[in-house]
Every structure is written in structure tokens, then in C-alpha cells.
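There are 2 protein chains.
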Amino acid sequence: MSVEQLVAELCRQAKEASRRLATAPTPRKDRALTRLAELLRREKDHLQAVNAKDLEAGRKAGLSAAMLDRLTLSDKVIESMAAGLEEVAALPDPVGQIDTMRRRPNGLLVGRMRIPLGVIGFIYESRPNVTVDAAGLCLKSGNAVVLKGGKEALESNLALAELIRRALAESGLPGEAVQVVPTTDRAATLALVKQERYLDVVIPRGGEGLIRFVAQNAAVPVLKHYKGVCHLFVDRDADLEMAVEITVNAKCQRPGVCNALETLLVHREVARSFLPRVAAELLSRGVELRGCPLTCELVPEALEAQEDDWPAEYLDLILAVKVVQDMDQALEHIAAYGSQHTEAIVTRDYGRARRFLEEVDSSVVLVNASTRFNDGGQLGLGAEIGISTSKLHAFGPMGLEELTSRKFVVMGQGQVRS
Amino acid sequence: MSVEQLVAELCRQAKEASRRLATAPTPRKDRALTRLAELLRREKDHLQAVNAKDLEAGRKAGLSAAMLDRLTLSDKVIESMAAGLEEVAALPDPVGQIDTMRRRPNGLLVGRMRIPLGVIGFIYESRPNVTVDAAGLCLKSGNAVVLKGGKEALESNLALAELIRRALAESGLPGEAVQVVPTTDRAATLALVKQERYLDVVIPRGGEGLIRFVAQNAAVPVLKHYKGVCHLFVDRDADLEMAVEITVNAKCQRPGVCNALETLLVHREVARSFLPRVAAELLSRGVELRGCPLTCELVPEALEAQEDDWPAEYLDLILAVKVVQDMDQALEHIAAYGSQHTEAIVTRDYGRARRFLEEVDSSVVLVNASTRFNDGGQLGLGAEIGISTSKLHAFGPMGLEELTSRKFVVMGQGQVRS
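Those protein sequences? They're chains A and B, same order as listed.
Using numbering that gives the first Met the number 0, the letters of the first sequence correspond one by one to residues 0 to 417.
Using numbering that gives the first Met the number 0, the letters of the second sequence correspond one by one to residues 0 to 417.
If you're looking for bench data, these hints aren't it; they were derived computationally from the structure.
Errors might be hidden in some of the hints.
Claimed, not checked - Computed cross-link-like contacts, DSS-like style, restricted to lysine-lysine with a CA-CA straight-line distance of at most 25 Å:
(1) A:K193 to B:K193
(2) A:K193 to B:K226
(3) A:K226 to A:K14
(4) B:K43 to A:K223
(5) B:K226 to A:K14
As the list claims (entries may be wrong) - Sample of chain A residues lacking proximity to chain B, with all beta carbon distances greater than 12 Å (derived):
(6) D98
(7) E124
(8) E195
(9) G208
Remember, predicted model here, so these are calculated numbers, not experimental data.
Backbone N, C-alpha and C fix where the C-beta goes; we use that ideal spot for every residue, glycine too.
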């Protein structure tokens with residue numbers, strides 16, 4: 000069987016299973032999730048033995064220490080997968096929910112009922128725990144899923160898939176609802192994104208290269224999760240102490256993630272008082288500053304920023320810094336160089352806070368809070384499957400609800416149209 | 000300038016205009032809509048003179064009477080365009096709306112604010128009134144739009160575009176927000192659906208050929224509007240009089256539209272009493288029946304249905320009829336042959352009504368009502384721009400709200416993440 004045929008067959012099976020899953024009762028889905036959590040804990044030794052093979056192959060292939068770390072199914076990672084499943088089981092089931100029903104003048108009752116999307120293709124890179132996280136969210140939202148992980152994690156992913164299948168079968172759900180593609184070359188990714196007959200959506204998660212490859216080749220609709228070039232604008236009447244705290248948190252708390260701060264914009268009226276202060280804090284934490292000319296003047300340690308610093312997603316302890324003339328210039332800079340991911344303002348001015356919230360065209364816009372809050376858990380969605388940076392279907396963190404659609408349900412008494 | 004360059008330039012201008020339109024105050028957008036309504040009425044003679052050229056060219060090219068009828072800007076069509084714009088002006092503006100704000104445990108207030116999608120590519124066939132209807136809906140929802148109509152209507156569309164531009168300019172809005180592509184070959188359509196840099200979504204409306212062409216070639220996300228193979232299931236304990244009325248309405252009231260009935264499924268327990276009765280009504284209205292063997296036995300006038308009748312969208316006075324053993328068989332038939340558009344059941348049984356509503360995977364599912372109600376106006380959305388048959392972003396009729404997305408707005412007091 001060719002890779003294309005294999006992938007098509009897995010997707011076909013998932014599609015068939017998705018019909019049963021779509022109407023599966025909540026307790027049965029929750030049982031599968033908690034059962035899988037149990038199995039992960041019980042089969043820990045086995046999982047780690049299989050994972051050791053992936054790790055050894057990775058070491059031979061010269062993977063970096065950071066990559067090997069992400070690949071490792073440590074005790075902690077396994078426990079966090081299990082706990083994550085139990086959390087998802089505890090979340091409300093979105094399927095079947097109808098927020099409001101309206102009565103039309105002719106007496107028809109019209110509502111919109113949440114339904115699963117159907118079959119989701121999920122493409123990701125090296126971390127095997129994503130296999131379980133994604134399977135759990137798709138399952139709870141009534142979707143079948145076809146998972147395609149990175150080649151480094153193949154053995155680990157197949158071992159996890161085996162446990163997922165057992166948990167489904169033992170809970171009376173079709174094991175075919177969660178498929179793991181057992182090969183990992185680009186041909187398999189390509190075959191997957193072409194299955195418009197069976198897949199309803201593809202979600203790629205990983206580096207920009209992967210996402211562009213998927214977006215450019217997909218016949219199936221794609222929910223993209225591009226880079227986060229996040230901005231913080233320190234306004235002229237900001238509480239500067241708050242601004243320092245938020246800058247440091249947004250940049251340093253976890254610099255390698257998409258909601259970390261990449262560019263700091265500072266109103267010229269506070270540049271002199273604010274920049275040396277925030278620079279001292281950042282430099283003491285090992286942050287490299289790349290500034291506009293005025294920044295470099297006020298902070299001698301700063302390097303001169305180049306044009307390609309403004310659209311950069313460093314994912315590292317580096318921060319671009321620019322002094323702006325006014326709020327207009329800050330908004331224009333964000334529109335020109337931002338990635339519609341996350342932007343924040345620090346201000347005491349009510350009107351300017353409101354203007355920032357309305358005019359900035361990003362998935363999450365914050366006043367007086369760290370960019371690090373762009374996260375499904377932090378914003379109250381429960382777990383998240385990714386952060387969409389395009390506006391169609393979902394914009395920002397995607398939780399269970401974003402894995403569903405809505406159909407109209409209409410309850411009549413014999414109405415016909417005249 | 001090549002067609003590709005021309006289309007790219009129109010899209011670029013629309014993108015630029017979209018930023019201003021996104022934050023335009025509601026009264027200004029409404030003024031542009033009512034102003035356009037005035038201009039349409041005032042410039043009626045001019046529009047009809049230009050339209051006469053399209054009609055003459057169409058007659059020479061051998062267009063059918065039905066096609067010429069759709070192409071005509073009659074007094075009635077112009078008045079209905081104008082009235083439609085006034086209705087859209089009277090609808091609530093979705094932009095800026097926040098349904099709920101939730102307070103997180105750390106004090107952050109989190110809400111989701113409706114925002115325009117950005118720039119919409121709208122591709123349609125011969126009716127010039129669609130130009131105005133689509134422009135009105137996009138404008139009210141704060142979106143710029145690039146319109147690509149059919150070649151038969153080109154002169155009429157350009158004349159309408161001129162009025163739209165005047166109405167925008169006279170209301171203080173950028174005229175570039177509504178673009179009409181001034182050429183009509185497939186190359187222009189192809190160029191348009193490749194503008195992923197400037198367009199946020201493409202909406203094709205027209206025949207299956209156009210929609211498939213767009214879906215297969217688009218680099219921009221597509222909101223598809225495929226065919227409607229709509230079913231009505233007459234259950235074993237249906238009120239048969241109601242079932243006759245609904246069948247006749249769904250099939251005959253306007254057979255050429257996507258929410259008209261195409262296949263009637265009848266529970267075997269009522270086939271003998273129901274089929275001759277409904278057939279008499281349908282035959283008297285000139286409907287051709289194509290039935291399963293049992294239907295043909297009970298209704299001698301019925302022709303024998305072939306396999307390709309079950310997935311057919313006739314858009315004509317033809318109805319496929321099948322007697323089913325039970326509800327399971329009805330649901331399986333719908334899953335196998337339906338197009339996820341509109342299905343209805345007639346029943347007196349509460350439990351079976353509920354099961355049908357939950358299990359049928361279509362954009363609109365109705366109990367005891369005609370399929371003809373799958374319509375934005377009828378379901379309470381106000382005007383509609385199309386009916387989506389895929390689940391991503393919108394499923395079913397799309398009104399103003401479906402032309403928007405939502406961003407997260409977060410109001411903090413200095414919160415950082417720990």
C-alpha cells in the first residue's frame with residue numbers, strides 16, 4: 000500500500016467513526032478520557048522503554064539537548080498528560096448546546112446547536128505528549144482525529160496510540176476515532192492535507208516552515224497558527240512601575256513561546272524616565288536589547304536595531320525597543336510589523352485604553368496585563384489546541400468550543416412558506 | 000497591466016481601505032447604505048440604459064429567456080435593491096459587540112469583541128443585483144469587498160460600482176472599500192482567489208462548476224455554498240395532512256432554489272395512506288415523481304428512480320421518492336445521499352423529533368416545517384450573503400454576524416503571569 004493509500008484509508012476509517020462519536024453521550028467520552036489517564040499511569044514503564052528508543056535514535060541523529068528534552072516522556076510529562084485528560088473530562092461538553100432559541104413571528108422556534116466539526120487532521124512536530132493532549136480535546140468535542148507527529152517521536156506516538164485505542168474500546172467508543180499515521184515523511188503530510196473527502200479541517204502546530212507547507216498544499220481548510228510578534232506599548236501616562244513589571248514578565252517568564260514579548264514601544268514623553276529603568280531590569284536578566292537611535296542614546300548597552308528586528312519573532316532573551324512619537328505611530332508600527340497575535344498597552348488613560356482595544360487588529364488585545372495571558376487556560380477556555388492567527392472560524396486560543404460548529408435546529412407546528 | 004496585476008492592485012487598495020472601514024462609526028456606514036439606495040432610485044433611467052446594452056449583448060449571444068430575466072434591472076429589481084439596502088442599514092451593527100465579559104480568578108476581565116473579517120472576495124454569476132446586495136452586507140459588517148460578477152452583467156456592474164463609490168465618498172468612507180473587477184474571464188477569477196496577501200476569505204455563489212473551480216484553485220480560505228439535496232422524512236405517526244402541505248410547499252413553492260425539496264422519504268407504515276394522497280397533489284401541480292419500486296406500485300404515475308436520482312439536485316418540478324423501513328434507514332439515506340444542506344421530519348413523536356434534530360448532520364434541521372425556511376431572513380439573521388454547506392466558520396445561512404470574527408479583549412490591573 001502506498002503512503003497515499005494508507006493515509007486515505009486511515010482518514011476513511013476516522014470519518015466512519017466520527018459519525019458514532021458525534022452523538023456519543025458525554026459520560027462515555029469522559030470515561031474514555033479518564034480510562035486513558037489510568038492507562039498512561041499504569042503503563043508508564045512500557046511507555047518510557049519505547050520512548051528510550053526514540054531518544055537513542057535522536058541522540059545518534061544529533062538532536063540538540065533542547066529537542067531531546069521535548070521528546071522525553073519523563074515521569075512528570077506522563078503525569079501531566081494524565082492530569083490534562085482528567086481536566087478535559089471535567090470540562091463541560093460543548094456538543095448539543097443551544098445558547099438561545101428565538102421564536103419567529105410565524106411561531107417557528109429557531110436555535111443553533113453545537114456539533115463536532117467531524118474529522119480533524121492534526122500535524123505537529125516532536126513532542127509526543129501533544130498526541131495525547133490533541134486526542135483528548137478532539138474526543139471530548141466529538142471529533143475523530145488523524146494525528147501526524149514528528150519522525151523523532153514515532154515509536155512513542157505509536158505506543159500512545161495503542162493505549163488510546165484501548166481506552167476507546169473499553170469505553171464503548173470506536174477505536175478508529177483516533178488514528179496515528181505510522182509513517183513520518185513529508186509525503187504522508189502531503190497526502191493528509193489532500194484528504195478533503197474525509198477531513199473537515201487541518202490544524203498544523205509547529206515551526207513556520209511546517210505551517211507554510213501545510214497552508215500551501217492543503218485541499219482541506221487549514222486553521223493556521225503563525226508566529227507571535229507580540230508588542231507592548233507603554234503609553235505616556237502609564238504607571239511606570241506596572242509597565243516595568245509587565246515588560247519583564249512578558250519577555251522573561253518564558254521567552255521561547257509565541258505569546259512572549261518581542262517588541263517594546265515606548266511613548267516619547269516617558270522614554271527618558273522609563274527606558275533606563277526597564278533596561279536595568281531586563282539587562283540583569285540577560286536580555287539583549289536592540290533599540291531605535293533614541294533608545295540607544297538612553298540605554299548605552301542597547302545594540303542598534305536593524306530593519307529586520309521589527310518583524311522578528313526571537314523566541315529568545317532578545318527585545319526590540321522603539322520610541323514612538325504618539326499613539327498613532329504605535330498603532331501603525333503594530334499594523335505594519337505585528338502578526339495579529341497579541342498586543343498590550345500600559346496606560347492610565349481610559350479613552351486611550353478603549354481606543355487601543357478597538358483599533359488593534361490582533362487575536363488578543365490587553366490593557367495593563369502581560370502578553371503571556373494569550374492562552375486558552377488563562378482566558379478561561381480550559382485546555383487549548385492552538386492559537387489561530389487568522390480570523391476565519393476562530394481567532395486566538397482554540398478550546399473545545401472552537402473544535403465545534405453550529406447547525407440550525409427549527410421546531411415547527413406545520414409552518415410552510417408563503 | 001496584466002489581469003493578475005490589475006486584480007492584485009484592486010485587492011491591495013481594498014485592504015488599505017479595510018483598515019478605515021473596520022473602525023468606521025455605525026451611522027456613517029448606515030448613511031452610505033441609505034445614500035446608495037437614494038442614488039439607485041434617482042439614477043434608475045441611467046442604470047436601465049446601461050443594462051440594456053448587457054441585455055442586447057446577451058440576446059445576441061443566445062442567452063436563455065430565464066438568463067435574460069435574471070440579468071434585467073427592472074423597476075422592481077432596482078426598488079428591491081434599494082429597499083434591501085435600507086433594511087441592512089436598519090439591522091444592528093455586529094462590529095464592536097461583546098456578548099459577555101467574564102472575570103477570571105486573578106481579576107482579569109475577558110471578553111470577545113466582534114470585528115470584521117477584513118477583505119472579502121465575492122464571486123458570483125449573472126445577476127447584477129447581487130453586486131449591490133453583497134456590497135451592502137460587507138459594508139455594514141465593516142468589511143471591504145472585491146466583487147467579481149459574471150461577464151453577461153459587466154456593464155451593469157460597472158455602473159452600479161460607480162454609484163457605490165459615490166455613496167461611500169459622500170458619506171466620508173473610502174471609495175476603494177468596494178471594488179468591482181472590470182474584466183470577467185476565468186483568469187481574473189483565478190487571480191482573485193490567489194490573493195492571500197490581501198483577501199481574508201473568498202465566497203463563491205453560483206453553479207457547482209464555479210464553486211469547485213474556486214475551491215480547487217484558491218489560496219485564500221473559501222466559504223463554500225454547494226448544492227442542496229434536501230430531504231423530507233414523513234414518519235410513521237406523522238400528521239398526514241401536515242405532511243402533504245409541507246411536501247407541496249417544499250417542492251413547489253419555488254423549485255429552482257437550493258432549499259427546495261429534492262427527495263421525499265416515507266416510513267413504510269404510512270406509505271399506503273400517504274403516498275397516493277401526496278402524489279395526487281404533486282401531480283396536479285406538474286411534479287414528475289421518480290420512485291422506489293414500492294412507490295411505483297402505490298403511485299402508477301411515478302417513474303422508476305435510478306441510482307443517480309438519489310444524489311440529484313433537480314432544481315425543477317421533479318421529486319425522488321423512497322419508502323424506508325424505519326427511521327434508521329431514513330437517517331442512513333440522508334447521510335449517504337444528502338448534501339448537509341436542509342432536512343426536515345414530519346412527526347408527532349417527541350422522541351423521534353429529538354433524535355432527528357440531533358442526528359442529522361445538516362446546516363438546517365427542521366421538525367414539522369418546510370425546508371424552504373433555510374434562509375437568513377426566515378431564520379432571523381436579517382439579510383444573507385449565502386448558505387454555507389461546510390462547517391468551518393459558518394454552517395447554514397450567513398448574515399452580518401457570519402461576516403465577522405471575534406478577538407479577545409482583556410482588561411487588567413497590572414496582572415502578570417506566574
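Right, here's what the structure says about each hint:
Of the supplied pair hints, the one linking K193 (chain A) and K193 (chain B) holds, its CA atoms being roughly 18 Å apart against a limit of 25 Å. A threshold of 25 Å between alpha carbons decides the hint, and for K193 (chain A) with K226 (chain B) the separation of about 22 Å falls inside it, so the pair holds. Distance check on the hinted pair: K226 (chain A) and K14 (chain A) sit about 31 Å apart at the alpha-carbon level, beyond 25 Å; violated. A C-alpha spacing of about 46 Å is found between K43 (chain B) and K223 (chain A), which places the hinted pair above 25 Å, so the restraint is violated.
With a CA separation close to 21 Å, the supplied pair K226 (chain B) and K14 (chain A) stays within the 25 Å bound. Chain B draws D98 (chain A) into its interface by the beta-carbon criterion, the shortest separation being 9 Å against a cut-off of 12 Å. Every beta carbon of chain B lies more than 12 Å from that of E124 (chain A), the smallest distance being close to 24 Å; the non-interface claim holds. E195 (chain A), annotated as away from the interface, has a beta carbon of chain B within 12 Å; the closest lies near 8 Å.
Every CB of chain B lies more than 12 Å from the CB of G208 (chain A), the least distance being 17 Å, so the non-interface label holds.
Hint compliance for this structure: hints 3, 4, 6 and 8 are broken, all remaining hints hold.
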